[in-house]
Amino acid sequence: MKVLVVGAGGFAGGFIVAEGLRRGYEMWAGVRASTSRKYLSDPAIRMLELDFDDPGSLAPSLEAALPAGERWDWIVYNLGATKCLSFSDFSRINYEYLRDFTDALQTADKVPDKLLYMSSLSAVGPGDETGYTPFTESMVPHPDTRYGASKLKAEMHLAMSGLPWIVFRATGIYGPRDKDYYLMFKEIEKGFDFSVGFRRQMLSFIYVEDLARAVFDALGKSPVGETYNVAEPHVYSQKEFRVLVARELGRRHVVGMRLPLWAVKAVSTVAEKIGVARGKPSTLNRDKFNIMRQRNWSVDITKAREGFGFDPKVDLAEGVRRSVEWYRKEGWL
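Residue numbering for the sequence shown follows my numbering, starting at 1 and increasing by one per position.
A few of these clues could be false.
[Unchecked claim] Capping the alpha-carbon separation at 27 Å, the derived lysine-lysine pairs in DSSO-like fashion look like this: (1) 153 / 221; (2) 221 / 239; (3) 114 / 179; (4) 221 / 83; (5) 313 / 186; (6) 179 / 265; (7) 186 / 83; (8) 38 / 280; (9) 265 / 153; (10) 303 / 313; (11) 265 / 38; (12) 221 / 2; (13) 114 / 2; (14) 186 / 265; (15) 153 / 114; (16) 280 / 114; (17) 190 / 303.
[Stated by the list, open to error] Estimated spans, in silico, between C-beta atoms of each pair: (18) 256 / 224: 43 to 49 Å; (19) 223 / 330: 39 to 45 Å; (20) 141 / 99: 15 to 21 Å; (21) 258 / 302: 31 to 37 Å; (22) 129 / 186: 25 to 31 Å; (23) 160 / 41: 34 to 40 Å; (24) 306 / 132: 18 to 24 Å; (25) 132 / 318: 23 to 29 Å; (26) 187 / 306: 35 to 41 Å; (27) 260 / 186: 20 to 26 Å; (28) 234 / 256: 16 to 22 Å; (29) 318 / 70: 24 to 30 Å; (30) 64 / 252: 23 to 29 Å.
Hints are computed from structural coordinates only; laboratory data are not their basis. Every residue, glycine too, gets a C-beta built ideally from N, C-alpha and C.
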């Protein structure tokens with residue numbers, strides 16, 4: 001079995017490649033020339049450089065990677081951007097790159113048996129903010145962020161492409177090497193925990209190794225043309241998250257600070273402008289603000305359980321423990 005992971009240099013990508021190696025597959029890492037190979041150092045990994053800014057080069061690169069008549073059995077498309085300098089970049093990176101890649105697959109005659117696309121729960125948009133009904137796959141998407149809209153646009157492209165696709169709508173992915181939740185860990189280590197808004201907010205998570213296992217379980221067992229929500233089956237309040245992190249960090253006292261939405265929006269706007277001035281995307285921006293203000297992130301994973309036996313092994317308490325252990329070992333904390 002040959003498996004290509006596009007976007008293998010990303011946070012989740014390295015874990016997906018490692019899980020494929022563990023299962024005995026011939027793993028290929030699709031990366032840019034500038035991508036760090038720090039977590040792709042296993043000599044068994046076969047590297048494939050792809051230049052998405054030159055769409056015409058994609059088909060020749062795919063053709064050169066494998067002899068004529070050969071192809072990858074499965075492809076995991078994990079490439080994407082969660083923050084950008086310009087909002088138009090979301091569409092370019094999350095949609096146009098995918099479109100160009102799938103066109104190249106067909107041109108090069110390298111269409112796999114299955115292609116799993118890593119989307120996001122943000123493609124659905126806000127859910128039930130009153131009764132907190134969990135997200136299901138049958139909900140009609142209405143994203144309220146450019147990020148979510150670009151992910152939905154990519155999903156729609158796959159649906160019309162004729163390719164054998166599977167879509168994962170993942171919730172918040174965390175674990176060792178992650179840099180986004182790490183910022184929250186750092187603040188809690190300092191004794192502060194900032195939350196957004198005064199109404200109850202329910203959060204869901206998926207530990208990165210559980211996600212990697214789910215990818216291969218779905219590729220092996222799920223029929224094509226299916227979309228799955230992927231999350232741990234439990235939901236948590238911001239306070240529960242804070243308590244778990246503080247306990248692992250050894251912090252006995254953490255000050256929980258709730259910020260009004262208007263203040264967070266103002267800070268996000270300023271941070272975005274500073275990021276643009278520095279030429280570096282800011283984690284805080286107006287698009288991310290719409291994600292942070294969302295109150296309900298609870299997820300129903302019944303379809304994934306029935307579709308491919310999805311069974312997350314790592315709950316938030318254990319995932320936080322493993323993450324903190326790694327951050328400390330690497331000197332991040």
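Now the hints, each set against the structure:
1. Between residue 153 and residue 221 the alpha-carbon distance is near 26 Å, which keeps this suggested pair within the 27 Å criterion.
2. Under the criterion of a C-alpha separation no larger than 27 Å, the hint pairing residue 221 with residue 239 is inconsistent with the structure, at around 37 Å.
3. Between the alpha carbons of residue 114 and residue 179 the distance comes to roughly 30 Å, so the proposed pair goes past 27 Å and is violated.
4. Our distance criterion of 27 Å between C-alpha atoms is broken by residue 221 and residue 83, whose separation comes to about 33 Å.
5. Of the pairs offered as hints, the one joining residue 313 and residue 186 holds, with about 26 Å between alpha carbons and a cut-off of 27 Å not exceeded.
6. Only pairs whose Cα atoms come within 27 Å are accepted, and residue 179 paired with residue 265 is accepted, the gap being roughly 22 Å.
7. For the suggested pair residue 186 and residue 83, the alpha carbons sit about 20 Å apart, so the restraint of at most 27 Å is met.
8. Between residue 38 and residue 280, the direct Cα distance comes to roughly 22 Å. Compliance with the 27 Å bound is thereby established for this hinted pair.
9. With a C-alpha separation of about 26 Å, the suggested pair residue 265 and residue 153 falls inside the 27 Å cut-off, and the hint holds.
10. As the CA atoms of residue 303 and residue 313 are separated by approximately 17 Å, the hinted pair is consistent with the 27 Å bound.
11. Between the alpha carbons of residue 265 and residue 38 the distance comes to roughly 36 Å, so the proposed pair goes past 27 Å and is violated.
12. Taken as a hint, the residue 221 and residue 2 pair is honoured in the structure, with Cα atoms around 17 Å apart against an allowance of 27 Å.
13. Distance hint between residue 114 and residue 2 is fulfilled; the C-alpha atoms sit about 11 Å from each other, no more than 27 Å.
14. Between residue 186 and residue 265 the alpha-carbon distance is near 22 Å, which keeps this suggested pair within the 27 Å criterion.
15. This hinted pair checks out: residue 153 and residue 114 have alpha carbons roughly 20 Å apart, not beyond 27 Å.
16. Between residue 280 and residue 114 the CA atoms are separated by roughly 35 Å; this puts the pair beyond 27 Å, and the hint is violated.
17. As the CA atoms of residue 190 and residue 303 are separated by approximately 40 Å, the hinted pair breaks the 27 Å bound.
18. The given range of 43 to 49 Å is respected by residue 256 and residue 224, whose C-beta atoms sit roughly 45 Å from each other.
19. At about 40 Å, the CB distance of residue 223 to residue 330 agrees with the hint of 39 to 45 Å.
20. Between residue 141 and residue 99 the Cβ separation comes to about 18 Å, which falls inside the hinted range of 15 to 21 Å.
21. Look at residue 258 against residue 302: about 33 Å separates their beta carbons, and that is inside 31 to 37 Å.
22. For the pair residue 129 and residue 186, the supplied restraint of 25 to 31 Å holds, since their beta-carbon distance comes to about 29 Å.
23. Our hint of 34 to 40 Å for residue 160 and residue 41 holds, since their Cβ atoms are close to 38 Å apart.
24. Between residue 306 and residue 132 the C-beta distance comes to about 23 Å, which sits within the given range of 18 to 24 Å.
25. The hint said 23 to 29 Å for the Cβ distance between residue 132 and residue 318, and at roughly 25 Å that hint holds.
26. Taking the beta carbon of each, residue 187 and residue 306 are about 39 Å apart, inside 35 to 41 Å as hinted.
27. For the hinted restraint 20 to 26 Å between residue 260 and residue 186, the CB-CB distance of approximately 23 Å keeps it satisfied.
28. In this structure the supplied range 16 to 22 Å holds for residue 234 paired with residue 256, their Cβ-Cβ distance being about 20 Å.
29. A hinted range of 24 to 30 Å is violated for the C-beta pair residue 318 and residue 70, which are about 40 Å apart.
30. The beta-carbon spacing between residue 64 and residue 252, approximately 58 Å, falls outside the hinted interval of 23 to 29 Å.
In summary, the numbered hints that this structure violates are 2, 3, 4, 11, 16, 17, 29, 30.
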